[in-house]
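Engineer: Chain residues, written in single-letter form:
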Amino acid sequence: MAFIGIVMIGLFGALFTRLWYLQVLETEQFTVAAESNQVRIIITPPTRGRILDRHGVVLADNVRTGVVTIDQSSYTEPVAEAVFAELADLLDIPVVQLRQGLDDQRTHPLAPKVVATGLDEDGLLRVAERSIPGVEAKWDWVRVYPQNEVGAHIVGYVGAMSERQHRELIDDGYLPYERVGRAGIEGLFEAELHGEPGRTKLEVDRQDRVQRILADVPPQPGQDIVLSIDVELQAAVESYLRQGLIAARKTVSEDSGFFYPALTGAAVVVDVRNGDVLAMASHPTYDPNWMVEGLSLAEYQSVFENPYAPGALNNLAVQGTYSPGSVFKPVTALAGLEAGLISPRAAYHDVGYYRIPEARGCTGRCTFFNADRAALGTLDLSGALTRSSDAYFYKVSDDLYWVDGPEQWAIQDMARALGFDSPTGVQLPFEKTGRVPDGDVKKTLFELSPEAYNPYNEPPRWFPGDNINTGIGQGLVAVTPLQLANAYATLANGGTRFSPNVVEEVVSREAETFGEPVLTFEPRVLDTVEFPAGSAVVREGLSNVTNSRLRGTAAKAFEGYDHAGYPVSGKTGTAQAQGLNAVLRRKKEDTAVFVAWAPTHDPRYAVAVVMEEAGYGGEAAAPVARRIIEAVRAYEQRWPEPQIAFVPPQPECPEVPEALRGDPAFLGYVPEGCPWGVQLPRANTPSDADGDGIPDVDQIGGGS
Amino acid sequence: MIARLLNRTQTRRELRSPAWFADYSLALAAIAIACLGVAMNYAATWRSLSFEGGDPWTVARRQAIFVGIGIVVMVVAAVVDYRVLRFYSTPAYLIILGALAALLRWAPEIRNARSWFTLPFFGFQVQPSEFAKLVVIVSLAAFVANHEGYLRFDTLFNAGLLLVVPMALIYLQPDLGTMLVFVAVAMGMLLVAGAQLRHIFVITLAGVLALVLVFSIDALQGPRLLSETQRNRLTAFLDQEFEPLEASYNLRQSQIAIGAGGIWGQGWKQGTQTNLDLVPEQHNDFIFTALGEEFGLVGGALLLVLYAYMTVRIWQIARVASDPFGRLLAVGILSMLLFQVFQNIGMTIGIMPITGIPLPLMSHGGSGTITAFAAVGIVISVGARRYAL
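Respectively, the protein sequence lines represent chains S and Y. Quick note: the first sequence uses my numbering, first residue 0, plus one each step. Quick note: the second sequence uses my numbering, first residue 28, plus one each step.
Hints were generated in silico from the structure; no laboratory data involved. Be a bit skeptical, because a hint or two may be false.
Said to hold, decoys possible - Only part of the chain S face toward chain Y is listed, based on derived beta-carbon distances under 7 Å: (1) 12; (2) 21; (3) 37; (4) 38; (5) 41; (6) 43; (7) 257; (8) 560; (9) 564.
What the hints assert, rightly or not - Once the Cα atoms are required to be at most 20 Å apart in a straight line, the calculated EDC-like pairs of lysine to aspartate or glutamate come out as: (10) S:555 - S:539; (11) Y:296 - S:202; (12) S:442 - S:412; (13) S:587 - S:253; (14) S:200 - Y:304; (15) S:137 - S:88; (16) S:200 - S:171; (17) Y:296 - S:412.
To be verified - Computed list of chain Y residues with no C-beta within reach of chain S, every gap over 12 Å: (18) 74; (19) 82; (20) 88; (21) 279; (22) 284; (23) 296; (24) 300; (25) 358.
Note that beta-carbon positions come from the ideal geometry of N, C-alpha and C, so glycine has one too.
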């Protein structure tokens, strides 16, 4: 009996202990489990915001399309065959093509697969009325880019989620098959464009029968992004860049005797007054419409792994870094002026080379030649820029090297003040910072990657030759086309360095606030540069570059240009590129660069053109820049500066007591135009622009 | 003073009415549990009944009627002298064997088992195996009482035969849970009756071996000795990660329900697991989950205290019973109650495998409720006649 008593105590003790464990120690875990047990959340994807240019032209939009999906998980092979045969008959699409949809590796293996898209209402109805099990015909939204490849690198594209995005975004209410922004503005502004998915919270029982609706939040549509781009100008810039590259490919290089490869290039147009990017072209390019549904491997390889169109996905205007060559010379000039080493009007005799004076104790390379070893004769600073005298800037750079004091790094300081060596802050992903070399940078590079930067195992000291190379934009200097345009814009507008804006504003599309900007990108001033006295001579030198009388380096490209109507200041650059051409296995040809602003004396737009392996800046890049500037001028005429609208002065209106409202005796006490007072005809109506209450037609008729 | 009073009662106790010695608190505890059971029957079914457009009281009202009948049966069993049961034990045993055998031939299959007769007049179903438990306890007590003190192996063997026949019939239904109740009852009773520990050990070993054999024959794709459900349930208990089957779904859902209850519970009719019908069979075998979710640790502990009180009182009655038959009756009923409570609550909280054993006095069902009340009545009868001549 005692034994049974002990058993009793033991059993009840065990039950109570376990209850304590479940209901006290582990209760939180089970509370959460009970919560998730009974609630189902149905997600309705929002419509994605559009991308517009600065005048409202749509660059990315959504269209409704009929799609047919197949849930193949329930099929056996004979059934699948019959279903496909029937679908092929209904839609007039070969079975093979339908079956391709099943091979889609980008979605979950058990998820319904899209086998046909682009159906109209008839097609959808034809499929739907058969009600084939596992087959669904429905409307879906598809992203389209109506401008095709125009602005592709800015707009970016949407595509299936990557593995990482899948993990991160599913928690934010994305559906597994949703397309997400993968590049450009589509990628960077994914959160704004996507909107808030609708969530319907249902309480369900064991059989998934809906007991009641706990919450129903409708989807909030994504916001529109308004770019600062003008589509027509953008299309023109892209087309001129491409044409310029094609023209360069028909030119024989004097160095190698081969045609220039001229595969890649970039061009940027920036408003110098506020930093708006009006156009940004990168070649080679692509059509973002290809990316929405994805490309097959063969298609992808033929487009994006084509050695003759390398890196089509890269926006070279912000991701490409190049030696600037002679377009860097104004920086050296300003640095020399800043350090007091240049008298702007002092004559310098260019003999075709510069030799480091013996007194400075030169070791190694001591003589530096002009391009083509040409002796340009007697020049001042202005002429040195106009004719791109290397020797003049060799001397400035060498003099700066031997200065003992902070001015030793004047070139580097001026370059950084103009925005090189730092991101411009444009609203585009993966922007490169470029490089402005000094002693520390050289040392770091040599240590970091000796085989790339120091193949001959030289001492990592900063030599006079390094400073001289830097002074003419060679050596380790690397800049992006956007940095070049922005630096020249800063020089043009008198020293205000903006962070370029490619996005003007983010506009709401929600019902209550439709069309109101949610976020506006005002001009962002990054820095104000104090230019030294004599900078006017630098600008004068640049203004003569297109002048044939003064033998400017771009004079030939600007032959017949309307210099009086729309004068251009600019600078050519022909930069030696390091390394080998990856396809042709021979030394890279020179990079052609041209940076300019226009009009010269009332600067409004800065233009940068960089064409890789395309030859001389004056011969390859300057003609492209000329056509771009002419397109900018046409753009200005197409969209004249907005006039400030006339706003009639508003009277100060008093509070009118309710009892007196509408009382004719009281009308005279309320100022004209106020509520409950005398109502005047509204000013600025179409029939009465001056607002004097007399229709304009009569005035015109009576007056003239 | 008190000693004198006690002394006086002792001198006259044989002459007093058994009603004087009856344990009313035991009856009250049983009735309290049954009332809690009716409340939990309502909580477990009102939502789905009203969702289907029915009367939410349907199930609870039936259970209340069963409890009413059960209380009457308990009173009758308490009033009647338990010793007369000895004379009815043999015919009762034969009748119940007949009923169990008839089940296999004529009973409709409900939920994969032939355990129920449907009474034509009342629309009630009758589960003979519930009554069989009590009848076997009485028969075994009557048989073994003659040999109390020292059980020889052949007596033990005969007692075993007495058990094995109804067990086999119940196994064929199949109803593994009820069969296990017989094992527990037999163990308790035979131990108290004076069976040798080594004999019990041998029998236990044989039983375990038989079970292992059954299970492994099954695993080796031999003849199906266990039904699919039984095998899954056992596997789910042994391997908690054994996921996608119904058995571990039940276990998981009932643990969620009880765990979510916390200390104070979510309140009567407020349990989400219960209301949304997420725990299967919740008014039957899983009734404890409704209590655990809606009244929490407090409610669960209260129920355990009531059951513990009942078992303690029955244990005391077994100790003071006037004859071996009464003691064995009480011990058998104690074993039945204890095993069913432990097994049923244990399976809902994951310390026992899932078997279809109802929680006495709580679970919905006429046969089980009436049997439980009858058993309590018999125990009260034993206790009330502890001084009987």
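Engineer: For every hint, state whether the structure bears it out.
Structural biologist: Status of the hints after comparison with the structure:
no.: 1; hint: 12; result: violated, 10 Å
no.: 2; hint: 21; result: holds, 5 Å
no.: 3; hint: 37; result: holds, 5 Å
no.: 4; hint: 38; result: violated, 9 Å
no.: 5; hint: 41; result: violated, 17 Å
no.: 6; hint: 43; result: violated, 24 Å
no.: 7; hint: 257; result: violated, 68 Å
no.: 8; hint: 560; result: violated, 78 Å
no.: 9; hint: 564; result: violated, 79 Å
no.: 10; hint: S:555 - S:539; result: holds, 19 Å
no.: 11; hint: Y:296 - S:202; result: holds, 16 Å
no.: 12; hint: S:442 - S:412; result: holds, 18 Å
no.: 13; hint: S:587 - S:253; result: holds, 13 Å
no.: 14; hint: S:200 - Y:304; result: holds, 19 Å
no.: 15; hint: S:137 - S:88; result: holds, 18 Å
no.: 16; hint: S:200 - S:171; result: holds, 15 Å
no.: 17; hint: Y:296 - S:412; result: violated, 77 Å
no.: 18; hint: 74; result: violated, 8 Å
no.: 19; hint: 82; result: holds, 19 Å
no.: 20; hint: 88; result: holds, 23 Å
no.: 21; hint: 279; result: violated, 8 Å
no.: 22; hint: 284; result: violated, 7 Å
no.: 23; hint: 296; result: holds, 14 Å
no.: 24; hint: 300; result: violated, 5 Å
no.: 25; hint: 358; result: violated, 7 Å
Violated hints, in rising order: 1, 4, 5, 6, 7, 8, 9, 17, 18, 21, 22, 24 and 25; the structure is consistent with all others.
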